[in-house]
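Using the sequences provided together with the hints, build the complete structure.
Below are the chains, spelled out letter by letter.
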Amino acid sequence: MRAMAMTSSAPWLWLRHSLVPVLTVLLAFVLLWYAAAAWMNSQWTLDQAARAGTTPGFSTILADTMAQDRPKLPAPHQVAVEFYDLVFNKAVTSRRSLVYHAWITLSATVLGFVIGTGLGIALALGIVHNRAMDMSVMPWAIASQTIPILAIAPMIIVVLNSIGVSGLLPKAVISAYLSFFPVVVGMVAGLRSPDAMQMDLLKTYNATRTEVLFKLRLPASMPYLFASLKVGIAAALVGAVVGELPVQQGGLGARLLGGSYYGQTVQMWAALFMAAILAAVLVFIVARIEAGVLRRMGQAR
Amino acid sequence: MSSLEESVPRDWQGAGWRRTAPLIAALAAGAVDWRLGLIVGLWLLAWWVNTVLANRGARLWVPLIFGLTVLALWEMAVRLFEVPGVILPPPSAIGARIMVSLPILWGDFVQTAIKGALSGYVMGCGAAVAVAVLIDRSSFLQRGLLPVANFAAALPIVGTAPILVMWFGFDWHSKAAVVVVMVFFPMLVNTMAGLRAADAMQGDLMRTYGATYWQTLFKLRFPAAMPFIFNGLKICTTLALIGAIVAEFFGSPTSGMGFRISTSVGQLALDMVWAEITIAALAGSAFYGAVAMMARGVTFWHPSQRQ
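Protein chains in written order, with this note's numbering: chain A, 92 to 392; chain B, 213 to 519.
Hints were generated in silico from the structure; no laboratory data involved.
Any given hint could turn out to be false.
[Said to hold, decoys possible] Here are some, though not all, of the chain B residues that point toward chain A, as calculated from beta-carbon distances under 7 Å:
1) ALA266
2) PRO275
3) ILE299
4) GLY356
5) ALA366
6) PHE462
7) ALA492
[As the list claims (entries may be wrong)] Here are the simulated DSS-like pairs of lysine-lysine, each with C-alpha atoms no more than 27 Å apart in a straight line:
8) B:LYS431 with B:LYS446
9) B:LYS446 with B:LYS327
10) A:LYS163 with A:LYS181
11) A:LYS294 with A:LYS306
12) B:LYS446 with A:LYS321
13) A:LYS163 with B:LYS327
[Said to hold, decoys possible] Footprint (simulated), chain A over chain B, 3 or more residues, beta carbon under 8 Å:
14) 369 to 381
15) 451 to 458
As the structure is a prediction and not an experimental result, all values here were calculated from the model.
All C-beta atoms, glycine included, are put in the ideal place defined by N, C-alpha and C.
And the structure:
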């Protein structure tokens with residue numbers, strides 16, 4: 092948002108102020124990565140050389156660490172090549188295609204996110220309008236944030252599998268569960284954010300509860316809701332990835348675990364990058380919707 | 213706030229059916245299946261008690277009764293409908309399992325929570341604070357690192373777990389490494405925000421005292437940053453436990469909470485799984501509670517701590 096505002100007023104300032112530093116930091120990360128790859132992979136090269144009875148020079152070692160088949164840490168360009176290969180050179184329906192696996196993960200994430208968000212908003216409405224519900228459920232909803240919920244993921248998958256539910260739904264259940272609580276907590280705070288003056292005003296208008304909800308509480312809750320949605324969608328993706336671990340039925344999580352079984356480190360890094368890109372895209376989409384909604388409501392900052 | 217809620221006009225109030233509707237619901241459920249009727253009846257009874265208590269402002273009892281009701285309904289549902297233990301064990305069986313396997317659970321707790329999560333948490337949060345201080349003097353690095361760290365904090369970093377397990381072996385070192393990676397960026401973002409929390413007036417005051425950079429840092433800016441730092445520390449407690457447990461799904465020695473969960477799921481010993489989950493929940497709450505207590509002690513001056 093802020094970056095956008097700056098581009099319109101002074102693009103050069105924005106470039107100097109944000110883009111150059113960010114690119115510098117990213118470049119430093121890549122260089123650090125290359126150095127780490129050379130250092131971590133050199134052991135294998137030296138072992139191979141010792142077995143062959145040769146003593147390679149420094150440049151030979153360096154060249155070899157950048158092009159191993161199963162490196163401890165693949166060099167960035169190896170990951171990039173593998174990523175490009177798996178994304179663009181494979182048919183999207185092929186089990187080797189990363190797009191195919193990303194789609195499986197994405198569909199579980201989005202389905203779970205929609206379910207979790209819907210239930211979360213519904214519960215938040217109940218909590219705000221019913222005192223008993225507020226006092227009963229709210230402490231548990233807050234306490235549940237401190238619990239490592241992800242630990243139950245494999246159990247949910249296996250149990251649902253054993254009663255015949257498999258495929259998308261079990262993963263979506265985990266995603267829904269993870270995105271549920273941030274939405275409840277954020278939405279309750281949002282629905283309660285109108286201050287006493289505003290509530291009093293609506294009272295003088297003799298507004299009913301429904302009118303108070305739609306004309307004051309819901310509009311006021313939007314910034315809070317979107318803040319939790321961004322947390323929720325990231326959590327939903329993590330849930331879907333972890334949910335794919337116990338059963339090997341495709342998806343980025345299955346790719347990660349499969350890669351770790353067979354030592355396919357390049358494949359694992361490619362899957363990891365795909366997950367990171369998915370997370371970035373999802374959060375970006377939510378942020379764009381947020382910007383649009385808040386602008387239309389005149390709340391944009 | 214609460215008085216305001218009361219003052220909101222209640223367009224539904226006085227509708228007589230609200231009193232009879234629960235009774236009808238329970239009877240209808242009972243007509244379908246007497247076991248369902250029993251469960252719905254107990255639920256409505258407990259809900260009625262809670263409604264009465266809530267309107268009298270019994271803060272502590274209401275959530276407690278709610279929790280106990282859920283447990284009772286769970287137990288009833290499992291027993292009445294004869295749900296097999298491999299799908300959902302009743303709470304009593306889970307409790308019995310915890311009592312029987314205390315030594316195993318303690319061993320798993322030490323392996324995962326103390327060795328894996330806690331050591332990684334200390335290292336990761338310490339490193340994040342150190343990096344925040346190191347780049348504090350360079351606004352160029354700050355402007356570069358903050359968007360990157362913000363971005364990284366939203367990534368599914370737990371996915372690096374299999375890679376780190378390959379690098380550091382199956383024992384707790386790899387779990388601590390996963391935790392370090394997971395907590396680093398959220399902690400960095402919070403610490404950087406905190407170091408900018410002291411306002412310009414206070415900074416000017418320190419300058420008139422002739423305070424050096426380090427004196428300003430330790431006497432003004434660190435104390436002012438504490439609410440932010442503790443906010444990060446609280447978020448990271450949950451992340452640390454999640455990281456340590458999930459990393460064990462990718463390989464572990466023959467103890468640890470994640471190991472026990474994944475192997476017990478394989479053996480369909482779901483009471484053991486639930487026992488571990490209970491321990492994980494208790495450990496998570498205790499960990500969070502301990503950090504929250506420290507926060508209250510250190511940041512007692514902050515408005516958020518006012519009673």
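Next on the checklist: Hint compliance check: list the failing hint numbers for this structure, sorted ascending.
Outcome noted: Hints that this structure does not satisfy do not exist here, as all of them hold.
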